[in-house]
Amino acid sequence: MSAVVRRGTRLTAETLCFTFDGREYHGQVGDTAASALLASGVRTMGRSVKYRRLRGVLAAGPEEPNALFTVGSSPTVFPNVCAPQLELREGMVLRSQNRWPSLRYDVASLLQLGSGFLGAGFYYKTFIWPSWHRWEAPIRALAGLGEAPGACELPTVAVEHFSCDVLVAGAGAAGLAAARAAARAGARVVLCEREPVCGGELEFESGTIEGRPALAWIDATLAELATLSARVLTGTALVGETGGEFIALYEPGGLPGANAVYKIRPRAFVIAMGATERPIAFINNDLPGVMLLGAAERFLSRYGVNAGRELVLFANHDRVYAAATRLVVAGMRVRAIVDTRDATGLGPQAARQRTALAGTGTDCLLGHAVIRVTGRGQVRRAVIAPLASPAAAHSIACDTLLVSGGWGPSTHAGMHEGGVTRYEEALGAFVSTEQPDGRENAGAANGLLELSQALADGAGAGTRAARRAGADGDPGTAPLGSGDGAPRLVPFWRSPADRAGEKHQFIDYQNDVNVADLRAALAEGFVDIEHVKRYTALGFGTDQGRMGGLLGAAILAELRGEPLRDVGTSRLRPPYHPVTMQSLAGLRVGARLRPMRRTPLHEWHVAHGGVLEPMDLWMRTRYYRENGPGAYEAGIAEAQRVRTSGGIIDGSTLGKIEVAGPDSGPFLDALYLNKASTIKVGRSKYMVNLREDGMVLDDGIVLRIAEDRFIATTSSGHGAHMLAHFEHYRDTQWSGCGVTVTDVTEAWAVIVVAGPQSRTVLREVLSAQWRQPLDALTHMAFARGTLAGQDLTVLRASFSGELAFELHCRPSISEPLWESLIAAGFKPYGLEALDILRVEKGYLVSSELNGQTTPFDLSMDDLVKHGNHCIGRELLDRPAFHEPTRPRLVGVRAVDGRMAFYGGAQLTTPDQPHRACGYVTSSVYSPTLSEWVGLALVSRAHADGAVLDCRDPVRIGDCKVRLTSIIHYDPSGERMKS
Amino acid sequence: MKGVEQVRHRGLGLVERQTGRVLEFVAFHFPSEGAFVVGWPAAPGAIRHDVQGLSGLLHFAPARWLAPSPCREIAALVAAAEDAATGTCIDVTGKWREFALIGTAAARVLASTLNTEIVLEGRECAAVTLFDCPCVLARVGDGYRIWVRASFAEDFVNAIESLCLPG
Numbered sequence: 002m003s004a005v006v007r008r009g010t011r012l013t014a015e016t017l018c019f020t021f022d023g024r025e026y027h028g029q030v031g032d033t034a035a036s037a038l039l040a041s042g043v044r045t046m047g048r049s050v051k052y053r054r055l056r057g058v059l060a061a062g063p064e065e066p067n068a069l070f071t072v073g074s075s076p077t078v079f080p081n082v083c084a085p086q087l088e089l090r091e092g093m094v095l096r097s098q099n100r101w102p103s104l105r106y107d108v109a110s111l112l113q114l115g116s117g118f119l120g121a122g123f124y125y126k127t128f129i130w131p132s133w134h135r136w137e138a139p140i141r142a143l144a145g146l147g148e149a150p151g152a153c154e155l156p157t158v159a160v161e162h163f164s165c166d167v168l169v170a171g172a173g174a175a176g177l178a179a180a181r182a183a184a185r186a187g188a189r190v191v192l193c194e195r196e197p198v199c200g201g202e203l204e205f206e207s208g209t210i211e212g213r214p215a216l217a218w219i220d221a222t223l224a225e226l227a228t229l230s231a232r233v234l235t236g237t238a239l240v241g242e243t244g245g246e247f248i249a250l251y252e253p254g255g256l257p258g259a260n261a262v263y264k265i266r267p268r269a270f271v272i273a274m275g276a277t278e279r280p281i282a283f284i285n286n287d288l289p290g291v292m293l294l295g296a297a298e299r300f301l302s303r304y305g306v307n308a309g310r311e312l313v314l315f316a317n318h319d320r321v322y323a324a325a326t327r328l329v330v331a332g333m334r335v336r337a338i339v340d341t342r343d344a345t346g347l348g349p350q351a352a353r354q355r356t357a358l359a360g361t362g363t364d365c366l367l368g369h370a371v372i373r374v375t376g377r378g379q380v381r382r383a384v385i386a387p388l389a390s391p392a393a394a395h396s397i398a399c400d401t402l403l404v405s406g407g408w409g410p411s412t413h414a415g416m417h418e419g420g421v422t423r424y425e426e427a428l429g430a431f432v433s434t435e436q437p438d439g440r441e442n443a444g445a446a447n448g449l450l451e452l453s454q455a456l457a458d459g460a461g462a463g464t465r466a467a468r469r470a471g472a473d474g475d476p477g478t479a480p481l482g483s484g485d486g487a488p489r490l491v492p493f494w495r496s497p498a499d500r501a502g503e504k505h506q507f508i509d510y511q512n513d514v515n516v517a518d519l520r521a522a523l524a525e526g527f528v529d530i531e532h533v534k535r536y537t538a539l540g541f542g543t544d545q546g547r548m549g550g551l552l553g554a555a556i557l558a559e560l561r562g563e564p565l566r567d568v569g570t571s572r573l574r575p576p577y578h579p580v581t582m583q584s585l586a587g588l589r590v591g592a593r594l595r596p597m598r599r600t601p602l603h604e605w606h607v608a609h610g611g612v613l614e615p616m617d618l619w620m621r622t623r624y625y626r627e628n629g630p631g632a633y634e635a636g637i638a639e640a641q642r643v644r645t646s647g648g649i650i651d652g653s654t655l656g657k658i659e660v661a662g663p664d665s666g667p668f669l670d671a672l673y674l675n676k677a678s679t680i681k682v683g684r685s686k687y688m689v690n691l692r693e694d695g696m697v698l699d700d701g702i703v704l705r706i707a708e709d710r711f712i713a714t715t716s717s718g719h720g721a722h723m724l725a726h727f728e729h730y731r732d733t734q735w736s737g738c739g740v741t742v743t744d745v746t747e748a749w750a751v752i753v754v755a756g757p758q759s760r761t762v763l764r765e766v767l768s769a770q771w772r773q774p775l776d777a778l779t780h781m782a783f784a785r786g787t788l789a790g791q792d793l794t795v796l797r798a799s800f801s802g803e804l805a806f807e808l809h810c811r812p813s814i815s816e817p818l819w820e821s822l823i824a825a826g827f828k829p830y831g832l833e834a835l836d837i838l839r840v841e842k843g844y845l846v847s848s849e850l851n852g853q854t855t856p857f858d859l860s861m862d863d864l865v866k867h868g869n870h871c872i873g874r875e876l877l878d879r880p881a882f883h884e885p886t887r888p889r890l891v892g893v894r895a896v897d898g899r900m901a902f903y904g905g906a907q908l909t910t911p912d913q914p915h916r917a918c919g920y921v922t923s924s925v926y927s928p929t930l931s932e933w934v935g936l937a938l939v940s941r942a943h944a945d946g947a948v949l950d951c952r953d954p955v956r957i958g959d960c961k962v963r964l965t966s967i968i969h970y971d972p973s974g975e976r977m978k979s
Numbered sequence: 477m478k479g480v481e482q483v484r485h486r487g488l489g490l491v492e493r494q495t496g497r498v499l500e501f502v503a504f505h506f507p508s509e510g511a512f513v514v515g516w517p518a519a520p521g522a523i524r525h526d527v528q529g530l531s532g533l534l535h536f537a538p539a540r541w542l543a544p545s546p547c548r549e550i551a552a553l554v555a556a557a558e559d560a561a562t563g564t565c566i567d568v569t570g571k572w573r574e575f576a577l578i579g580t581a582a583a584r585v586l587a588s589t590l591n592t593e594i595v596l597e598g599r600e601c602a603a604v605t606l607f608d609c610p611c612v613l614a615r616v617g618d619g620y621r622i623w624v625r626a627s628f629a630e631d632f633v634n635a636i637e638s639l640c641l642p643g
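For the record, the sequence lines run as chains A and B. Counting from 2, one number per residue, gives the positions in the first sequence under my numbering. Counting from 477, one number per residue, gives the positions in the second sequence under my numbering.
In short, the hints are calculated from the structure, not lab data. Predicted model only: the values in this text are computed from it and were never measured. Built from N, CA and C at the ideal position, the CB exists for glycine as well. All the given hints hold, so there is nothing to weed out.
Restricting the straight-line Cα-Cα distance to at most 25 Å, the calculated cross-link-like pairs of lysine to aspartate or glutamate (DMTMM-like) are:
#  : chain 1 : residue 1 : chain 2 : residue 2
1  : A       : 686       : B       : 567
2  : A       : 681       : B       : 567
3  : A       : 686       : A       : 792
4  : A       : 681       : B       : 558
5  : A       : 264       : B       : 608
6  : A       : 264       : B       : 600
7  : A       : 264       : B       : 593
8  : A       : 264       : B       : 637
9  : A       : 681       : B       : 559
10 : A       : 264       : B       : 597
With beta-carbon atoms standing in for the labels, derived distance ranges:
#  : chain 1 : residue 1 : chain 2 : residue 2 : range
11 : A       : 357       : B       : 593       : 55 to 63 Å
12 : A       : 345       : B       : 593       : 52 to 60 Å
13 : A       : 535       : B       : 593       : 38 to 46 Å
14 : B       : 485       : A       : 566       : 52 to 60 Å
15 : B       : 485       : A       : 535       : 46 to 54 Å
16 : A       : 974       : B       : 548       : 46 to 54 Å
What the simulated footprint calls covered on chain B by chain A, stretch by stretch (three residues with Cβ under 8 Å from a Cβ of chain A suffice, anywhere in the stretch; the number is not a length):
#  : segment
17 : 494-506
18 : 561-568
19 : 578-592
20 : 599-613
Please work from the sequences and hints to get the whole structure.
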């Protein structure tokens, strides 16, 4: 336990308890996991993915590559949580990752012994012999970051869409100045900050703004923003943009599995996301105890944690002297400052600080570099050499090495939308030169690292954004500030090293990418930065290339002997911040994964034992429990009942499209293979649509309800598709003509009454006015009228092979009508029975319309012969559609009359047992025929009567089937037309 | 508010309104300015309110108008448009279920699925997808009037309910 109560800007004195790798630790409320562990003396917090090298915390933000923890207990765990971002809670359970059995002793760390052979790309070449699958399991066991959560219930993420005039991402000095200026100008401002508090670098930089300490200015600015109704979202990371909509995640306490997803649509966007400090590559720069200089300052100011006791600072800019001064004041001993620049690079402020530090015993070395650090599992010494003569090295004892190679502006946001960068030599980084309309960078994100410049830049960007959004108020004057001077940086990327040493100069810590890997990639011919990235995995980790992206590009440039500006960086893309699948799903989880469409009779089916299943988005009844223990038994019983007396089925899911207008007939002629314009009013016709390529798209019945009005029915699962098909042609080739297309699917509930007694039952159920029309209805004719004051259409059509009627009624009367049919003695049947009835009769079920069958394949030759030149008709004449290898729809029955066979079974001939000549599309047990019957698509070379092998080795075994007519039951149609 | 209350939660009410006959009018041509009678809501997203101030005729999608429970005046307007051969009128009774979403939390609930501010910017109604359900959305005072495709309506109500769970 920390014996001393630490003081920091984010801490309270209240203590809390947590565990890390099973051991109990104590922290203070406000601590992060990383700060509390550092305060407890824990330096090693993880292992690398590839070589399993011990790693300590390197950064203090989301760019941290090493200290990633698994939080929680199985199955509810959150892997890869960034320890410097994770706010501690009482009782929190943390585990390190990439180790077994423990962090200290990891079996896979033996891989380090073979690290010389495990360079980039080794697995592409090594594990192809004898087969990748031989190696797959152990490699997958070793690979990956952390442990995926098990089956656990996670809270639904809240989602909020909103708009604003100006979105400012980042609440550092520039962001706050931008937000204030925009809000003062009258814009509706949203300020988004990934940290739980605003301020950015101002949290630890010793600056003053508008005459007061920076922290006081932050408080005053936030108070003013509140009065101006600006919305400040702290703990909220901007992760990406799509089509002008910005996605931000609210992750309280830094724990993924966001509590809220914000989808923000601003008129203008200011990117003030700061800059990310980058490391310098030197030998063993991944050893625990190596930390970024800025991270050490953050841990000190926010959490009162000293990064170490004996420090060596290694940098290439002036800021290192200001930072060293603050660290010394805090009580740490700075043994040496290693500055890669010579004396001419020093600014006056830094020179004064350097002199003062030298007076306190700090060894200030110019023109030197840290060549390597040494120590077993922890930094013990830093080996330092003059850059002019690297061999003249000496070492200094230390427990911590703080490194800073400069800063890379966070230009992520907007880059994938067309932003352009240029290389800025003074920064050694790329800055944004062009941004898509309505956005601009500000402050450090714009390469301005000096406080007064950042404030002015932010205020200017905020004002311009407000103007762009239409706000024309007075933005006030830009705040004046003074803080650390300009960094006066001279780019320096890596210390001198021999080839062996390059294998330990790490660039991407998460993926163990080192300088030798880049050299190997170049040797393999991967020259472009995008190719090198993919070959080496540079920038693939959760830090999204923040830590190693620019450093890798710079070293690649050095190895290629070209300037960095010509090499560039890989394309920055969202997400800029790790996003959980849970956040991506948003509200679409569990029952809300997708919408469910219900018919007006849905509740009745549920209440009466209907077993429902999804069909497209619809829920349809498969069978009713009272008819059998399962679908098979119930389906047979229900189908038998339809054949002997009758039954009813809910057909409301049928797609219904009303096509109206003087041109509706010709329009439908163009869409259907057979003519609609010849249908008489009051009659209907079975019709088939073709795709543009001649394949069958859908089938259904078209009713002509008036001279200029039709209702086209579609199959249930194709309703939306068919509507889109109709609308596409209405809006393109038929644009401006007298025809309209309207979806009326829900306007008409459909009850199908089928069976030999259906007319008798309907006469009983419908009012007296319907008796005469019912008796007069011939096959495919319909009558329209009312029932209980509501519209009703009775269509005589059958998909069961029995006398049948479709009652198209308004939904409001569907349930009373259904109930009265039940009361009259007809019981409901489900899809299982319907399939039996259809296959017995040789009607298409669904798998025959698979997008690969032509009307000829489906034995619709007559339709084509008498049809018209509709969409797709021309292509039916393609010779390929008439070759003997094309399939044709046939009936199939087991040769011995008893064997079952299932849809999907492959059909072969004895002389070619391994080459399918067709397959079963649908099969059912026919209670009427007492045997299994089915439909199949079989090569035309096989005539009816042929016997084929039906192969289904996994599900049911093989049997022999005979090809038959597709109509297994009542081939003359007498029952249907009776 | 007449109707069946589906959801009542802090600051939020979802009430289903009983609708009578519902018509959709679809124009043959669009844009079709000048082709309609005076008072016709030709502009996209416009609503011709009936004499009671209710939503009478909504131009909810290009060339497509919705007339829920049309009063005599609106019915006559639609009939006149059809007689003038500018389009066709379809009786879609049963296709839509009408809801009123009211209360201070109404906007926040809809913001869970859609940026209504953008969608309804410069217009009174729009065809939208709310919680994956096809709808027609119109702003009425501080609340909204929503016509949901009938087969999706239960899902829509469930989605609103799920957002009202404690916590």
